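**Q** Now for the letters of each chain:
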Amino acid sequence: MFSFSKRRFVQLAGLSIANRLLPPWMLSAAEPVDKPGRKVIIVTFGGGVRNSETFAPEGLRNIPRLAELRPKGYFYKTCANQGVLSHFNATGSIVTGNWQRVDDFGSEPPASTTIFEYYRKQTGVSPMDAWVIATNKSFAQMGWGTNRDWGASYGANVVLPKQLLIEAVGEAVKQKSGGGVASRENVLKHLESVLNEGYEGVGWTIFKAAKDLDRNVRESLARALVEYINGPEAPTSGDELTFFIAREIMREFAPRLILVNFWDMDVAHWGSYSLYLQAITRTDRITGMLWDEVQSNPKYRDNTAVLILPELGRDGDQNASNGFLNHRTGDPSCRNLWLLALGAGVSAGETDRLVSHVDVAATAAELLGVQTGQIAGKALKEIL
Amino acid sequence: MPSAPKLSPVIQNLIDKGLLDRLPPTFSTFFFEQFQDWNLLFPAERNYQERMFTLLDRSQPAAVESLFAPVREVERRMGVDEKTWPRRHFGLEQVDFLNRNPHFAEWRQAISRVFAKVDPLLDAEVTRKGKPSLIIVTAPSELSADPSRMWLRLSRYGKRIQVDVPDGADYLNLAVTGGTRKSILEMYSKEPYDSWMISADNPWDGVRNAIRLKYDDLKDYRSRMMDEVRRMLESGEVRTPRELNERLKRLKIRASEGDLASDEILSEFLRAVLLAGNGTLLINNTFVEWATIQAIRRARPSMMIISFGIRNKLKPFSSVLIYSDQEATNPIPSQMDALGTYVDLEIFYQYIWQEFQKYAQYRNNTAFLFLADGMEELFCIAPPDFPLLTAKAPVKLTEVFGHAREWLNI
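In order, the protein sequences belong to chains A and B.
Taken in order, the first sequence gives residues 1 to 384; the numbers are from the numbering used here.
Taken in order, the second sequence gives residues 1 to 410; the numbers are from the numbering used here.
The hints are simulated quantities; they were obtained by calculation from the structure and are not laboratory data.
Predicted model only: the values in this text are computed from it and were never measured.
Using N, Cα and C, we set each Cβ at its ideal position, and we do this for glycine too.
Check each hint, because a few of them may be wrong.
[What the hints assert, rightly or not] Computed Cβ-Cβ distance ranges for the label pairs, DEER-style:
hint : chain 1 : residue 1 : chain 2 : residue 2 : range
1    : A       : Pro-71    : B       : Arg-363   : 23 to 29 Å
2    : B       : Asn-13    : A       : Arg-148   : 52 to 58 Å
3    : B       : Ser-144   : A       : Leu-384   : 52 to 58 Å
4    : A       : Arg-148   : B       : Asp-123   : 41 to 47 Å
[Claimed, not checked] Pulled from the structure, derived: some chain B residues nowhere near chain A, Cβ distances all over 10 Å:
hint : residue
5    : Leu-7
6    : Glu-50
7    : Gln-60
8    : Pro-102
9    : Val-118
10   : Arg-149
11   : Asp-164
12   : Gly-402
Isolated chain B (complex conformation) (with noise of 0.2 Å):
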């Protein structure tokens, strides 16, 4: 038998209370699930749930109970009882039963309700403690879009700032050191999970004490990854998804594939990321994107960098079965899809945006810096007070380094 998760006292106080037991089985179940894997969640996600769970627990049982009322009615009618929802379970068989219930919708719409109430009085504690965050996202150089033609999904929000390129010199290297051997991220990175570089490849190199999730460098654990999988399936080793869930759950990356080993919280971040299927395994910026998501969903971090690439085409025969890892499986040389990487990240640059914008710390206090290698414009979405904004166009490179510097307080 598995040894108790160690959680933390506040939470602990709380369940022993029998706080959990008193709400709807299928809102309090899914914590307990989360509670398993207590060690392997993000300072941020266990700040949050020791916040809401201490907000229910100081709230008036009247206020609770009319809280969830709504939750538990579709509970009843859905067939919530003993038998399908175990007390403190919450498994594949639950979020089947969710699925496929004629009430789901439902029960989706009654949930959002209690975090659209919840949410409000957390996030005003957290707005209280607010500080700037920056997040740079670059394109690559081979996407060769004219600068009108970029970020336009976002146009209505931001500004677009005329960049003053300096001949010859490594211009996204340029943005994000301002010419130092430092990079801005290296300098702000103060506190754990907090500062990240998402990649697709190499933009540059040198960025360390900050997090970084570079798809090229996971390669063997990729490759590891899918073998794996394959061999489980093949060998029928695996029948049931619940089976091939725990399975799945031992895939950890290895020291000999990648840095993130040695932290156990990004370990299982990775593996999470990578086989939560969407492409992230097979596509590299579909793998910057969801882990862009999912790490300010989880870590909530000040400062980021989202750095894409250039996705290859399909080829040929790949394409007849699907996608695979086509630089193992095909020997024809790959070539770039320039006009569909484009496609691509017009969209993301939106997913990306958004997500920010559902979590009160980044509210009016974040500035999004849109840079694509060597065009002579950028894109800019920040508060009013953002010094980039007023600066006199066209500005250097080193100048955006210096108001990047100057609002994170560096």
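Bound conformation, chain A alone (with noise of 0.2 Å):
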């Protein structure tokens, strides 16, 4: 789906172009070079997606690229989510390796050191090392957590495409005029009240994403933004267009650490079974995609080490106030789920032993060869 000509969106975006975009503190720091060394991937599989709808015997037709996978990686049968079971708490866990218990709509950052800080700050590497693509426009604050010692100059680069996405409708709007742009700015209005409001119910995210990606960056990605949605391949999903961010800032700058979030199975909020599993197939398949570039790319492949996993699940159909339409029961359905670990060093198995979300913080740190504070994680040693 995604063809070369997405190459433009780069161009127009001028994201290759850094001395156009980049804040100079990032500018001074990105410099290109490729040091050898583990790189690190974490993708959340993400949303909320149930074992039922996955890994299950029945669930394999909804994830064909991961089922061709699993064999060539390390399969954890039980992956469990042991906190709170909403997106942000959720990721933040894994890449904190402590459970978190912050604000569920993003208006705070983890509680504690993230993965990010640690790799950054005690191996010195530029700030283009570690960034954080995410669909859920909630997570402008997962960079970087809120201990004083690290904190932002150690963080995340963080872009929210989704986030940006709006604005670049807003500007569509702005720049057109005549025909057509009447059912624009009817579009833009009523989606963008949506989008503000969030899957999780009318009117509870009230909290609007922080950007804090630098204003020039981000007013740069929205003017590119404006000719992409106004092309011929403009993406049919938020996590696409996350996938092709994701892809071009590691052709780009070829980062060591980086956090995909994907979230468009989060559709299950609004009821839609067929739409769940939709969405379920494309994450499949754009992780898929997302894995075909580490293996093509040769700053990626043979030093790279990708960790998929759900960062929850969803109710179980028995005995749930409403099933596979929110996570809220705490029930095995939405807490057991799995994490597949692929890449270099990675050897073919899996295990029925327990582990959790916040073994990932810790496992990514063995990777990077960095240390930890005291964190609830262990790293898991089979993929070590």
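Put the two chains together into one complex; each comes in its own frame, and the hints tell you how they fit.
**A** Structure, rendered in structure tokens:
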């Protein structure tokens, strides 16, 4: 689906023209040096998905790419989310190694130091070496925690492609005039409202996502997206846009530590099982494409571990308040998920051993050769 | 200051006696919050609360203490105190406190165990007063699935029955009216809030005397809600979830937007259904399913017709930015998503049936008829004495109607 013509996006965005885009602090450190060493990509197969629609026998038809990749990697049959069953806290637990219990809608950063901060501070790598690319617009503060000794100076760059898309549509409305503008304006008004409200329920996500990217970077990306969404190959979902941006960032900056957050599956909150299944299959496809990029990109091939896991599940069909629509009961369908590790140094295999979401940060730290402070997670020894 | 809510004498007496204040605060304050809107509760809800607290009041204090001991223990571990949990107050802060607490799962279990012990005692009373119920669930003709692919998640609980499909007749209308001018819903309707029709569009006209919730008819109200919420957020008028919650409570349906405006219980029910998230504002069948689940849970009707429609496909530009009222925002003609609707409905049939099974009044005395417009099979889940189960197939739709009428003693 994503053809070479998408490079036009980058050209338009100016993402590859660093001196036009990057803020001074970033520019000074953004040296195009490809130092040897391990790279880690964490992919949240996200938005909330149940085992029954993924790696359970009846779910395999929804995830043909992951099913095909499973024998090539190490598969943890039960990776448990033992924390808060919200998107921000679940993902915050993954990147910090401690169960997070902060505001569910992203108004607060994680309360613990993130793997991005440990990595950057201890290794002195470039600010361009740690990125968060997230479909979930409330993840603006996912790049660093509240610990004063670490924080923004060592955090990850955070890009929220969907948020940028909203801005882009706004730009499109401003720039266009005449035929078609009225309906686009209508679309913007209505859809922006829905976006601001979030899937969780009308009106509950009232905190506007912070925009921690440098203003010039953001505006340039927005300008590019105006062209992009008006073009013939616009993405059909937020996750496809996230994949596209992630791939471009990998190609341009080759960061060593990336969190890619997919989120389309949370469409389940709207109560359409078929749309939920479609989202799973789409995320499976683009996760496969991300893996293909790792394999074909010389800066990643042979030195990159990819850790794929859902950040949370969804309520079970039996005895739940409304089954797949929500993720609030804390039943096994909500908590018991899986983790698939692929890539450099990862032997094929699988285990019934119970692992959990907080183990991911500990594992990433080991893979990257850095120490964490006292955290709840334990490194996954099978893939080290 | 708002005036104190007018409660039933039974509940007021129990409050005055200090019963609720003696219970664990995470349990009792939830009900105090419900009491604030006592006039907006369905009779079934009021009745349940009266019976539950009366049961607790007449039980031995030691037994009540023992029943709630696990909840108290979890509350202690959670750090519930006067500061985190103000007396008789259950607001968004308390919901947030519970959700973020490391002991939330234990708390849920402890609360569930309380109801698991109390509800069977209350159920026994309900069962003694039980009466036959009838639930009809319909699918539109556009679904065009093979009968063998219908109702698969429920197939082990019921029986497929061959239908003699009438030529040229209105299939669903015939099934629910038997060719008379009145639907079975209207014939049955006696008590307030006991007979409901919840539908996506308009499978047939002329249902009076019963509660009617139709997604298509609520278009003006739904549009106003979306506009208002967006305006509030954009203008910055509301800054916290609490403020927003308070403002949303005022978004009641107007008389010009639907008949329900005249009934404050139904008006509030509808507002809550549409603002509960879960796509009820945007997707017709989600509205039907969620409104049905809530009606079962809260009003406990004896007769329901639940009628699904066809969901439209998402339009290309809408799907880039999530979903909205596509009809208003995109001039491209809508297209039906028959396959997607089929997948959606298969799981909704299961969820609806399961919801009924949770409540004693429906167990062993409820007949479920799953009909698909124009289909030569219907699916029936019912007690063995439901006459349709032994009817000679293929049955005529007028016979289906007759058996249903007989079941309800109409």
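**Q** Please go over all the hints and tell whether each is borne out by the structure.
**A** A quick look at each hint next to the structure:
{"no.": "1", "hint": "A:Pro-71 / B:Arg-363: 23 to 29 Å", "verdict": "violated (46 Å)"}
{"no.": "2", "hint": "B:Asn-13 / A:Arg-148: 52 to 58 Å", "verdict": "holds (56 Å)"}
{"no.": "3", "hint": "B:Ser-144 / A:Leu-384: 52 to 58 Å", "verdict": "holds (54 Å)"}
{"no.": "4", "hint": "A:Arg-148 / B:Asp-123: 41 to 47 Å", "verdict": "violated (56 Å)"}
{"no.": "5", "hint": "Leu-7", "verdict": "holds (27 Å)"}
{"no.": "6", "hint": "Glu-50", "verdict": "holds (24 Å)"}
{"no.": "7", "hint": "Gln-60", "verdict": "holds (31 Å)"}
{"no.": "8", "hint": "Pro-102", "verdict": "violated (7 Å)"}
{"no.": "9", "hint": "Val-118", "verdict": "holds (17 Å)"}
{"no.": "10", "hint": "Arg-149", "verdict": "holds (14 Å)"}
{"no.": "11", "hint": "Asp-164", "verdict": "holds (32 Å)"}
{"no.": "12", "hint": "Gly-402", "verdict": "holds (35 Å)"}
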